[in-house]
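Participant: Here are the chains, one letter per residue:
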Amino acid sequence: METLALLLHGFAITFEPLNLMLIIGGCTMGLFIGAMPGLGSVNGVAILLPMTFLVPPTGAIIFLGAIYYGAMYGGAISSIMLGIPGASTAVATTFDGRPMALQGKADKALVAAATASFIGGSVGVVLFTLFAPPLADIALTFGAPEIFALMLMAFATFVGLGGDDIPKTLFSIFIGLVFGAVGLDIISGEPRLIFGGIPGFFHGINFLVLAIGIYGIAEMLWTIEISKGEVMISQAEISLKRIMDTLRELIGTWRMMMMGSFLGYFVGILPAAGATPGSLMAYGVAKTASKNPETYGKGNINGVVAPESANNAASTGSMLPMLTLGIPGSPTTAILLGGMVIWGLEPGPLVFTDHPDFVWGFIASLYVANAFSLLINVAFIPAFIWVLKMPFTILAPIIFILCIVGGFVPTLDMHDVWLMLIFGVVGYLMRKLDYPMAPAVLAIVLGPLAEPALRQSLLISSGSFSIFFNRPFAAVIMTLAFILLILPVLRIYYEKYKKPAQAG
Amino acid sequence: MRVAELVMGVVMGIFSLYLMWKSAELTIGWIPQEGPGGGAWPFWLAAGMLLCCIAIVIRGAKRMTPASRSKEVFMDKRTVRVFMLNAGALTVMIGLFHIVGAYGAIPAFLIFYLRFMGGHSWRLTGTFAFVTPIATFLFFEIALQKTLPKGFTDPWFEPVFAFFY
Numbered sequence: 019m020e021t022l023a024l025l026l027h028g029f030a031i032t033f034e035p036l037n038l039m040l041i042i043g044g045c046t047m048g049l050f051i052g053a054m055p056g057l058g059s060v061n062g063v064a065i066l067l068p069m070t071f072l073v074p075p076t077g078a079i080i081f082l083g084a085i086y087y088g089a090m091y092g093g094a095i096s097s098i099m100l101g102i103p104g105a106s107t108a109v110a111t112t113f114d115g116r117p118m119a120l121q122g123k124a125d126k127a128l129v130a131a132a133t134a135s136f137i138g139g140s141v142g143v144v145l146f147t148l149f150a151p152p153l154a155d156i157a158l159t160f161g162a163p164e165i166f167a168l169m170l171m172a173f174a175t176f177v178g179l180g181g182d183d184i185p186k187t188l189f190s191i192f193i194g195l196v197f198g199a200v201g202l203d204i205i206s207g208e209p210r211l212i213f214g215g216i217p218g219f220f221h222g223i224n225f226l227v228l229a230i231g232i233y234g235i236a237e238m239l240w241t242i243e244i245s246k247g248e249v250m251i252s253q254a255e256i257s258l259k260r261i262m263d264t265l266r267e268l269i270g271t272w273r274m275m276m277m278g279s280f281l282g283y284f285v286g287i288l289p290a291a292g293a294t295p296g297s298l299m300a301y302g303v304a305k306t307a308s309k310n311p312e313t314y315g316k317g318n319i320n321g322v323v324a325p326e327s328a329n330n331a332a333s334t335g336s337m338l339p340m341l342t343l344g345i346p347g348s349p350t351t352a353i354l355l356g357g358m359v360i361w362g363l364e365p366g367p368l369v370f371t372d373h374p375d376f377v378w379g380f381i382a383s384l385y386v387a388n389a390f391s392l393l394i395n396v397a398f399i400p401a402f403i404w405v406l407k408m409p410f411t412i413l414a415p416i417i418f419i420l421c422i423v424g425g426f427v428p429t430l431d432m433h434d435v436w437l438m439l440i441f442g443v444v445g446y447l448m449r450k451l452d453y454p455m456a457p458a459v460l461a462i463v464l465g466p467l468a469e470p471a472l473r474q475s476l477l478i479s480s481g482s483f484s485i486f487f488n489r490p491f492a493a494v495i496m497t498l499a500f501i502l503l504i505l506p507v508l509r510i511y512y513e514k515y516k517k518p519a520q521a522g
Numbered sequence: 007m008r009v010a011e012l013v014m015g016v017v018m019g020i021f022s023l024y025l026m027w028k029s030a031e032l033t034i035g036w037i038p039q040e041g042p043g044g045g046a047w048p049f050w051l052a053a054g055m056l057l058c059c060i061a062i063v064i065r066g067a068k069r070m071t072p073a074s075r076s077k078e079v080f081m082d083k084r085t086v087r088v089f090m091l092n093a094g095a096l097t098v099m100i101g102l103f104h105i106v107g108a109y110g111a112i113p114a115f116l117i118f119y120l121r122f123m124g125g126h127s128w129r130l131t132g133t134f135a136f137v138t139p140i141a142t143f144l145f146f147e148i149a150l151q152k153t154l155p156k157g158f159t160d161p162w163f164e165p166v167f168a169f170f171y
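Order-wise, the sequence lines are chains A and B.
Residues in the first sequence are numbered consecutively from 19, following my numbering.
Residues in the second sequence are numbered consecutively from 7, following my numbering.
Take the hints with a grain of salt, since some may be wrong.
Pairs of lysine to aspartate or glutamate, DMTMM-like flavour, derived with a Cα cap of 20 Å [unchecked claim]: (1) K156(B) x D431(A); (2) K514(A) x D182(A); (3) K28(B) x D203(A).
Quick list of simulated restraints, FRET-style, between CB atoms [claimed, not checked]: (4) S484(A) x R75(B): 41 to 47 Å; (5) F487(A) x I20(B): 35 to 41 Å; (6) E208(A) x V9(B): 50 to 56 Å; (7) E78(B) x E267(A): 52 to 58 Å; (8) K316(A) x L23(B): 51 to 57 Å; (9) R75(B) x F487(A): 39 to 45 Å; (10) R84(B) x P209(A): 42 to 48 Å; (11) W27(B) x S479(A): 27 to 33 Å.
Hints are computed from structural coordinates only; laboratory data are not their basis.
Even glycine gets a Cβ: it sits at the ideal position worked out from N, Cα and C.
Modelling step: build the complete structure from the supplied sequences, incorporating the hints.
Facilitator: Rendered as structure tokens:
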């Protein structure tokens, strides 16, 4: 009952005129950003975070949450209309969405994707509401060792479940943590890693500088490079009758939507896993469970609804550890977490008790943003198609300018803008060599929180690492982290020795 | 691609060593009553970076990664040209922020990008070059009250601010 009362209070905050406007604006911008090939929620949130300084923290997180939701919906539009995923989270939607569009059923695929996104988002946000308060209550008992153990687990998840090259993933984590250590030492106050005494490093490296460099500049350079070919946009005939017909047909897909929603949500909670593996797994399960698996990849509507419901549920799932534990579940939530620090809030369970308006206003806004994203998505399909036809040589300079100005605004220091350009260029070159960039962004956000937790823990234990194994919660989390860290080694061993033996 | 992977591994390895050396300017050991020294955290992380770089170079040399097995060139001529044009235009724009300020650099960048790189009409280019700085000014300077760099054009804005405040 208490949760319901708090949620109702959250709705009262959400329906304040300013917050409602921010939701509508955020959903619309998110939909356009998500629809653009190469851009997704993480790019939108990183580039537009500096714009939120105009509004109070509650309005700011509501706006960014709406962008996140909108972008998750929008990703399907370019997957279906162009055959190019708007973001990696919408890759699985391409498998059947694009064939449907080529068969003249683009409208059906778009409505199916929007409806499945709505169902996934709704299931996700209900589970979020149910799980968040008890998890936050448990997290309130956590001390420094448990907090450090949680952060270690977040990084270990990238290693164990990320699926990228292990040394490159670890390198990305380490370099992000080192960048997070630049500035003044938190305990002694001594300058640390001030390269050549450059004054701009004294205030540390703002996480936004790295985030915009990687998700703004590097991403744009990458998109410009790969979008050299002409794209073929499908035509979509939209009418109320056709929408109603599609909705009737979608009733038969409810099992796949539910499966995608639950699977996506629980995969989304895991740091590093998130919406992309969630949607791919949902597609795989849908195909495996189907009586006609051969129809997948040829325009099966279940192949659209399963991944779309999963990626939206996963985006909500990734917010659970962010809000309750202060551990982001995805790169986008890492940036949201950094935003909370900028707005003067301490991420973690205390937010629930110290800033209930912020937390419950945000949770309630997710319900509203989900509904608005569906309505705006279906109503403005022709507008999205028009945007997709816009030459990239118009969009690219506008996004570059937003990146540069957005990188300057948080600290009003040109040093940060130059640094952002360097991160952008180096990030682009590293991406070409398959270095995963998301762990670095997560690490620069978590680094300034992880270091004091480690130092405090070691101070309490007089330098003994046993403190991480003497306390029950810390011990469990640490054990899970170590299992995740050795998982790739076990996988290599299995593939090298067990599989050939089985085959033999 | 393989050469690029090896070069990146070596360069990042050298950068890791530099970070270890810089971190060691602070205490990296245990300080009684204070715990780990201020340099310990970045030092051991940089050491981790170095180990990763060694692993990356070894795996690259043994062709154990997709990048090192790839026969593709790291950047073909077209990619180099596009990259240099974009990165160069961004560098010049940021440089111009110091001299002519944001409201000189942004239109110059847009004119170069839209007209000369994108081949768009003068009408479209002019519209964007005119409207974007005004929108930027109104949003950032008036609404957010965040002052963008203006270079030598700073005094020109005094009457504009006098109008708004």
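Participant: Which of the listed hints are not met by the structure?
Facilitator: Hints 6, 7 contradicted; others consistent.
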